[in-house]
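Respectively, the protein sequence lines represent chains W and H.
Last residue of the first sequence? That's 504 in our numbering, and every number before it is there in order.
Last residue of the second sequence? That's 1098 in our numbering, and every number before it is there in order.
Since the hints were made in silico from the structure, they are not lab data.
Do not rely on the hints blindly, as some may be mistaken.
With a cut-off of at most 25 Å between alpha-carbon atoms, the simulated BS3-like pairs for lysine-lysine come out as follows [as the list claims (entries may be wrong)]:
#	chain 1	residue 1	chain 2	residue 2
1	H	Lys980	W	Lys167
2	W	Lys180	H	Lys980
3	W	Lys167	H	Lys1053
4	H	Lys980	W	Lys185
5	W	Lys151	H	Lys1053
6	W	Lys241	W	Lys339
Some chain H residues near chain W, calculated using beta-carbon distances under 10 Å [unchecked claim]:
#	residue
7	Leu1004
8	Thr1047
9	Leu1055
Pulled from the structure, derived: some chain H residues nowhere near chain W, Cβ distances all over 10 Å [what the hints assert, rightly or not]:
#	residue
10	Lys1023
11	Glu1059
12	Glu1080
Idealized CB from N, CA, C, for every residue including glycine.
Residue-level listing of the chains:
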Amino acid sequence: MSRKITIDPITRVEGHGRVTIHLDDYGQVKDSFFHIVEFRGFERFIQGHPYWEAPVFVQRLCGICPVSHHLAAAKAIDQIVGIDPKDLSPTATKLRRLMHYGQVFQSHALHFFYLASPDLLFGFDAPVDKRNIVAVASEHRDLAIKGITMRRFGQEIIKAVAGKRIHGILTVPGGVHKTITAAERDYFLDGNNIESIDTMIEWTKEVINFMKGYHEKNRKQLDEFAFFPSGHLGMVNDLGELELYDGKLRAKDHEGNIILNDISTDVYQEYFAEAVANWSYMKFPYLKNIGREKGWNRVGPMARLNVCDRIPTTLAEKERQFYLDFSGNKIINSTMYYHWARLIEMLYCAEEMKLLLNDPDLLSGELVRQGKTRNKGIGIIEAPRGTLTHHYEVDDKGMITRCNLIVSTTHNNDAMNEAVKWVAQHVISRHGNITDGMLNQVEVAIRAYDPCLSCATQALGKMSLVAELYNHKGELIDARTKN
Amino acid sequence: MQEQKIKPATLIIGIGNTGRNDDGLGWTFTEKIEEMQLPNITCEYRYQLQIEDAQLVSQYETVFFADASHQALPKGFEIKECSLVDHYYFTSHSQSPETILYLAKALYQKEPMAYTIAIAGQDWDFENKLSETAKENLDNVLKEFKNKYF
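This is chain W alone, in the form it adopts within the complex (with noise of 0.2 Å):
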C-alpha cells in the first residue's frame, strides 16, 4: 500500500515548516517536499512607508538575523541618499562591519551549539529526548558553556555598537549615528568581565578541531549524506577572498566551473528570477541564463568557501585549506559540510573582529556622509544563512513604492529539497516501518542549512514543521507533529 509521511514542525530550525513524503505501493519515495506554508509579507507591508523607516523595519523580520537586514536595508537606503558602499566613511563601514562579524559568529554559535550540535554528539538517529541542548548540557557541559559563552559573545557586540541585542540600531542613511567608547572597546579586549577576543579566537579553533576529529571518525557519512550536486553563489571581494559585508557575486557549478562572474550587486536583477510553487510561500530564486531547472544555488557558510579563492585572516585560511583538502582542492556538494565551514567562518570573524577593535577609526570619526539622492538601492550583503538582497524603490517624496527581498534561506530552497529527496530516497524507502531514528534524518539534512523560514516567508505569527506520509491513494497514513 502506497503511503505519505508528514513530519511536523521540523525541529531545531528557526520557524516552521513541514515535509511530506509520498511513497508508492512497494514502498519506494514517489515525490518529496519541503514546504513552507507561512505568509509572506513584508515586502508589501513596507511600500508607503519612508525610506529611512526601512533598516528598523526590516529587522522585525526576524528575532535571530535582524542585523542582517538591518545593514541590506541600510546598504540600499544609503545609495537612496546617494551613498555608495565605497562612499561610506571608515568609521561607519568599521562598525558596521563589526556588527556584522559578531551578528555572523553569534548567529553561527546559535545553530552549532543548540541546534546541530545533538546530530553530532548523539548520532543521527538518537532517541528524541537527546535530540537537544538540553541533553548537551548534561553530558557535554564544558562544550555547552563554551557555546553559549561565544554565542553571548556576539550578542554583546552588537550591544555595545546598535545599542541593544535584538533590534538595536546603528545605521542612519548614509552612515551610521554613534561610535563605541574606549572602555566598550576594551570590554572585549582585556578578558576582565568577559572571556575576551583571544579566548574566542581559541575557542573557535579547539571546536574545530572537535569538527576535524568527527570527521576523522565518520567522513563516509560526512560525505555521502544528502550529497547532490548544485550551484553554489556567495560574494568575494575584489582579490576573490571571502567577503561579507560588500563585494561581488560569484557562482560556481558543482564541479567548480565559474558561472556566475563576480557582477556588481547593482545589476543582480539581470541575472537572477524567482520562481513559485503552489505547495510552498517560500519562493525559488535562480540565475536566468542556466533557467529554473539547474540555475539554483546553494547560499551560505559551504557555498561562500566553495565560491571564493582563500579567506583574507590567517587562522581561517589555513583552515578552509585543509577542509578543502577533502574535495582534491575543488568544491565540496556533501551536505554536511555547511556545519564545519560554519565554524571556519565563525574564525574568520573572531580574527576581523579582533582586528577591528584594535582599530582607532571605531572610536571616532565622521559618522554621516550626503549625495545627490536617488529613486532606487539595492543592497547585499551575505547573512549567516547566506547571501541576502533588499531592492527598494522610493518615489519623490520618498515614500517606497517597492520591496524586493531575496532571503538567504530562499536561495537553498531547491538545496533543502533536494536534501529531503535524498533521505527519502536513500533511508526511508523501501522500509515497512518508519521509525522515529529515520525521521530525524529528515530534520539532520534540513537543519545543516540553517534555514530561517520565519525571514524567508516573512511570517505572521507562530510557525512550525510537521511530516506526513502518504499512500498511494492519497490517504494520510503517518504523521510526526513537533509542537
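The hints should help you fit chain H onto chain W, whose structure is shown.
This is chain H only, laid out in the frame that chain W set:
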C-alpha cells in the same frame, strides 16, 4: 524604614512585546519596578527567553519571570514558585523559565529561588497600549508584589 524582604541580587526578567497590546504586560511590570530604583535589583527585558539566559539567571539569588497570560486568572494575576524542568521547546527562539533554570543548574551549578509572575491580558493586536483590564491587573500585581516581597 521597613526592612526589604527580597533577597539581594534579584533579577526581574520582563518577557513579551509591547507592540502587541497586552503582550507588553511583562515589560511594563518590569519597567514599573525599575522606576522604583530599588537596590540590588536588576531588570532585563526579553521578547522570549533564550538558552544563554541560563548564564544570566545563574548570577542571581532570586529571579522573577514576568509575562502576560492569555488565560484569565482568578485575581487577574498569579505569582508562583518555579522549579527547574529538563524539557526543551522545539526551536531556539524561546525557552520556558523551567528549562532556563534547569540549564542554570546543569551548566553553572546554580539554583536561584525563582518565581513566575503571570498577568492576564485580553487584547493581542498590533498596538503599543494596554487594555483597561490589563492596566487594572498590572496595578493589582504591583501592589501584591511590593507587599509580599518588599
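Outcome of the hint check:
1. Proximity of H:Lys980 to W:Lys167 is assessed by CA-CA distance (about 35 Å); at most 25 Å being required, the pair is judged violated.
2. A hinted pair counts as satisfied when its Cα atoms are at most 25 Å apart, and W:Lys180 with H:Lys980 qualifies at roughly 23 Å.
3. With a C-alpha separation of about 16 Å, the suggested pairing of W:Lys167 with H:Lys1053 holds against the 25 Å cut-off.
4. Distance hint between H:Lys980 and W:Lys185 is fulfilled; the C-alpha atoms sit about 20 Å from each other, no more than 25 Å.
5. For the given pair, W:Lys151 sits about 18 Å from H:Lys1053 by alpha-carbon distance, which is consistent with the 25 Å threshold.
6. For the suggested pair W:Lys241 and W:Lys339, the alpha carbons sit about 23 Å apart, so the restraint of at most 25 Å is met.
7. A hinted interface residue such as H:Leu1004 counts as satisfied when its beta carbon comes closer than 10 Å to some beta carbon of chain W; here the least separation is about 9 Å, so the hint holds.
8. With its C-beta approaching chain W no nearer than about 7 Å, H:Thr1047 sits inside the 10 Å limit, and its interface hint holds.
9. Interface restraint check: H:Leu1055 against chain W, minimum CB-CB distance 5 Å, threshold 10 Å, status holds.
10. In this structure H:Lys1023 is separated from chain W by more than 10 Å, as the shortest Cβ-Cβ distance comes to about 28 Å.
11. With a least CB separation of 14 Å from chain W, H:Glu1059 remains clear of the 10 Å interface cut-off, as annotated.
12. Here H:Glu1080 stays apart from chain W, with its beta-carbon at least about 25 Å from theirs, past the 10 Å limit.
Hint check: a violation occurs at hint 1 only; the rest are consistent with the structure.
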